[in-house]
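Put together the whole structure using the sequences plus the hints.
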Amino acid sequence: MIGIAVLGAGRIGKIHAVNAATNPDARLIAVADPFAEACGPLAAQHGAEAMTDPMAAIARDDVDAVVIGTPTDTHIGLLTRAVELGKAVLCEKPIDLDIGKSAEAAAKVEALKGRVMLAFNRRFDPTFAEVRRAIDAGKIGAVRQVVISSRDPGMPPEGYVKSSGGLFRDMTIHDLDMARWLLGEEPVSVTAMASRVVDPALVERYDDYDTAMVILQTASGKQAHINNCREAVYGYDQRIEVLGETGMLSHDNLRPTTMRLTTAYMTDAQQPLLNFFLERYTAAYRAEMDAFVAALAGGTPLPTTAADGVQALRLAEAALESVRSGKTVSV
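Residue numbers (my numbering): 1 to 331.
All clues stand as given, with none of them false.
Each computed DSSO-like pair below joins lysine-lysine, with the alpha-carbon atoms no more than 27 Å apart: (1) K162 x K14; (2) K101 x K162; (3) K327 x K101; (4) K222 x K327; (5) K139 x K222; (6) K113 x K101.
Calculated from the structure, these hints are not laboratory results.
Every value quoted in this text rests on a predicted model; they were computed, and no experiment measured them.
Shown next, in the form of structure tokens:
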């Protein structure tokens, strides 16, 4: 049994806690959060110990691995301490908002031979994972283009925008990682455009954007096109298309059911899309935790690494530079 401590009792911590507690090869030992009113009920719900000192939770002898779901500016300190103590880590993205600090942390993890997995949960979505398996099986031949549409149902709270690091580091970074994963090659150039068309009054205060398009290209000429917007009035829009030399793979949005209604007044009417990431990626978060525990139990490589986090952030920084300069940026 892998003893796990979940650090952070917010919305992402709650997801990780239930997935750790229900994994048959893991035991949720502790939930740590500086706010006792947050970690207390969550820990009690899953039969774990509530702790207000995350560092103390990391140091416990019965904790083999930690899951970091705390604010981004605390990630490096917690991650580094866990690695120094020989604990495995599942860390939410990004490692840090600063690329230099992130790269330094990843280098330290490598030097200490630490086991750190970056939480790019979309790789573990059942349908997205099936798309990757189909690519690996050669069902569409060599990949030529990837198109990713990722749009939120509405602007996040202002407090979240203030601390998020901006659209590219917070939202687009997931799609940049997906593009790398599906292309199978590292992008060498980034071209991006961004605008403020949803809520100019909000985003301008933080020098941020709410709508963006990003073009990536690899050395061999493979391309990825990412579409982002903070507001899609019809719901949480998550679609992928992969064009290969002998065919195409595509993935449509998910809904509560697949029922369609056709009457004299409408054709093929469907239920609204799943509302947000907590619903849309429930299975992905569970599969992500299962993959983390399985790798630790079996002594196999972790499916993502700190280096993946650094590279996705590097692409996000390049996209932001491209927006500000109006030029294509080499990576």
